[in-house]
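Undergrad: Spelled out from the first residue to the last, the chains are:
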Amino acid sequence: MNTPIINIEHIARVYDMGGEKVHALRDVSLNIYPNEYIAIMGPSGSGKSTLMNILGCLDTPSSGIYNFKGLDVKQMDDNDLAEIRNREIGFVFQTFNLLPRATALKNVELPLVYSGISRSTRREMAITTLTEVGLGDRMLHKPNELSGGQRQRVAVARALVTKPSIILADEPTGNLDTKTGIEIMHLFQELWKRGNTIILVTHEEDIARHAHRIVRIRDGEVESDTTNSNPVYA
Amino acid sequence: MNIAESILLALDAVRAHKLRSILTLLSIAIGIFAIIGSGTAVTSLNNTISGQLNELGENNFYITKAPMIQTHDSWRKYRKRKPITYYQAKELQKKMTITDVVSMYNVTGGFTMKSGNYSTDPDVTLIGANEHYLVTANTNIEEGNPFTTEDVTMNRFIAIIGNDVAVKLFPGTNPIGQSIRIKNQQFTVTGLIKPKGSMMGQSQDNIVIIPIGSFMRYYADEWEQSVNIIVRPPAKDALSPSMDEAIGILRGIRNVKPWEENSFELQTNESLTQQFSAFTKYLDLFGLISGGIALLAAGVGIMNIMLVSVKERTREIGLRKAVGAKSNWILLQFVIEAITLCQLGGIIGIVLGFVGGWALSNSIGITASVPLLWVGVSVGSCTLLGIIFGGYPAWKAANLDPIDALRYE
Numbered sequence: 464m465n466t467p468i469i470n471i472e473h474i475a476r477v478y479d480m481g482g483e484k485v486h487a488l489r490d491v492s493l494n495i496y497p498n499e500y501i502a503i504m505g506p507s508g509s510g511k512s513t514l515m516n517i518l519g520c521l522d523t524p525s526s527g528i529y530n531f532k533g534l535d536v537k538q539m540d541d542n543d544l545a546e547i548r549n550r551e552i553g554f555v556f557q558t559f560n561l562l563p564r565a566t567a568l569k570n571v572e573l574p575l576v577y578s579g580i581s582r583s584t585r586r587e588m589a590i591t592t593l594t595e596v597g598l599g600d601r602m603l604h605k606p607n608e609l610s611g612g613q614r615q616r617v618a619v620a621r622a623l624v625t626k627p628s629i630i631l632a633d634e635p636t637g638n639l640d641t642k643t644g645i646e647i648m649h650l651f652q653e654l655w656k657r658g659n660t661i662i663l664v665t666h667e668e669d670i671a672r673h674a675h676r677i678v679r680i681r682d683g684e685v686e687s688d689t690t691n692s693n694p695v696y697a
Numbered sequence: 109m110n111i112a113e114s115i116l117l118a119l120d121a122v123r124a125h126k127l128r129s130i131l132t133l134l135s136i137a138i139g140i141f142a143i144i145g146s147g148t149a150v151t152s153l154n155n156t157i158s159g160q161l162n163e164l165g166e167n168n169f170y171i172t173k174a175p176m177i178q179t180h181d182s183w184r185k186y187r188k189r190k191p192i193t194y195y196q197a198k199e200l201q202k203k204m205t206i207t208d209v210v211s212m213y214n215v216t217g218g219f220t221m222k223s224g225n226y227s228t229d230p231d232v233t234l235i236g237a238n239e240h241y242l243v244t245a246n247t248n249i250e251e252g253n254p255f256t257t258e259d260v261t262m263n264r265f266i267a268i269i270g271n272d273v274a275v276k277l278f279p280g281t282n283p284i285g286q287s288i289r290i291k292n293q294q295f296t297v298t299g300l301i302k303p304k305g306s307m308m309g310q311s312q313d314n315i316v317i318i319p320i321g322s323f324m325r326y327y328a329d330e331w332e333q334s335v336n337i338i339v340r341p342p343a344k345d346a347l348s349p350s351m352d353e354a355i356g357i358l359r360g361i362r363n364v365k366p367w368e369e370n371s372f373e374l375q376t377n378e379s380l381t382q383q384f385s386a387f388t389k390y391l392d393l394f395g396l397i398s399g400g401i402a403l404l405a406a407g408v409g410i411m412n413i414m415l416v417s418v419k420e421r422t423r424e425i426g427l428r429k430a431v432g433a434k435s436n437w438i439l440l441q442f443v444i445e446a447i448t449l450c451q452l453g454g455i456i457g458i459v460l461g462f463v464g465g466w467a468l469s470n471s472i473g474i475t476a477s478v479p480l481l482w483v484g485v486s487v488g489s490c491t492l493l494g495i496i497f498g499g500y501p502a503w504k505a506a507n508l509d510p511i512d513a514l515r516y517e
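These protein sequences, in sequence, are chains F and C.
464 is the number of the first residue of the first sequence in my numbering; add one for each residue after it.
109 is the number of the first residue of the second sequence in my numbering; add one for each residue after it.
Bound conformation, chain F alone (with noise of 0.2 Å):
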């Protein structure tokens, strides 16, 4: 088998809430490969939006092994983790999370902009970049002139522009209509078969049953990790 994007071994992630430790995440062990398209599910308070930020590399595990494409996630600072998830991670996000104020267009071209690529780099990327998830004609309306399922498009281009190794998804369709969620789903689909790796973050059983490979987490901790042989094509 070839070598995992994401290999974890036994992190916790542990609070420290005035004096009480809670604990997020207990044991979780997870290995992550090259064009994967994976779900994880749990209920709330399962630890699931901890062992998230953590594969996104907004947090750092308290204890345990976390190498990201072979590096030490755990040993890097504020600027090594900036500069991660600026390359190797597209968010996408529940709440889309758009500028209000900026372009789609200007949207999309955000991480570049993080990335010290030129303007006109940025831009042609960018322009590829919306053309390939179907708004090619919307690139200059504002975020208030798109639909739902416009917005989030414009999210996962954003995600997709800087070319990243891993794609995650918090919940990327809690705020769609079933119809448009579909739609969304169609598109992670699409980027899955041209060969990105996606994870997909959810509580929702018909979403996280579009994913090749599903793993629970209950309690801080692996509940299953089994394999869909039957995923939904949406």
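Rather than coming from a laboratory, the hints here were simulated on the basis of the structure.
Here the structure is a predicted model, which is why all the values come from computation and not from measurement.
You can take every hint at face value.
Simulated pairs of lysine-lysine, DSSO-like, Cα-Cα distance not exceeding 30 Å: (1) K569(F) with K434(C); (2) K419(C) with K484(F); (3) K389(C) with K173(C); (4) K504(C) with K484(F); (5) K126(C) with K605(F); (6) K419(C) with K605(F); (7) K626(F) with K434(C); (8) K532(F) with K434(C); (9) K126(C) with K569(F); (10) K569(F) with K504(C); (11) K626(F) with K569(F); (12) K605(F) with K504(C); (13) K569(F) with K656(F); (14) K569(F) with K419(C); (15) K504(C) with K537(F); (16) K434(C) with K605(F); (17) K344(C) with K173(C).
We have chain F already, so just place chain C on it with the hints.
TA: Coordinates of chain C only, in the frame set by chain F:
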């Protein structure tokens, strides 16, 4: 991420909240207005003074009993000095070897000039002068003749009059050869001065010049009877030797003991300009202090608006961090935003200040000058203001935890 981008972003943030941005800008503009306004007025004043002194003769030096510009406390010291008499001035003129041009004059105001049934307001300036005065005062004769050496030594009852006086006393007729009455003395008009216009709101043509001997005898005020002397050396390199010579001669004439300091003052254009600047610097200081206080208050406003802005944009900051913005870049972005805000206010203040200073200069009849130094000070202090008062909000933004920030409602 470069500075230009941050500035564009900052301008966008200003546009997003027009009213509150404008209110903050305004407080900065007021501070800068005070600094630039007084700066413009002072620079204009200084330039006008040195320009006019140079017009009178670049190498002139002035001998007076006391300095022309005095500070409050030095007044007592000079009050005790004996006046420079007309006799002493004449002796000086006689003994000077380097130059012949020794102009002497004395001035009193508030005279009423009469001729026949016509009379002026009691506001005419009477000047007693010798034959060199017109040259050193940069005054030209339009009609008639200047005083000759003989006119002065003989104390002839003749007068050279300014245009304002001529218009009032001799409407429609040529004043040359006619007579005017100053108090009870008759003078024949032998010259008409080419009009000069007004300076600092005061007409320079409302004057009558008579030979200094008669002036000292009939019109010199008991307290103001000291003669003013202007010496014009033939060239710039003769200035210093002429001054040395004049000091030596005057010390002799006025019996100053070797160990005593001069009982009179010598001043050059340069020293006069310097003294004037020393005087106007208080005006500058006033502008700087009041402007500084206004800026300090504005700074608090800047900090407030920036704190609000950071709070409102918490999610945006979280997102920027999530997509790879380092803390330092967030810090820089918000500091630049604060600086941009300050500079916008600064630009408004500079424009208003210059317009204000220009209006003030205009109203007192001097040419306005741009106080480049103060423009620099303003730009600098706006930058500093942004850094100081934008620093803390920016630091707060930079240190937000991306997870909390993204979740912030």
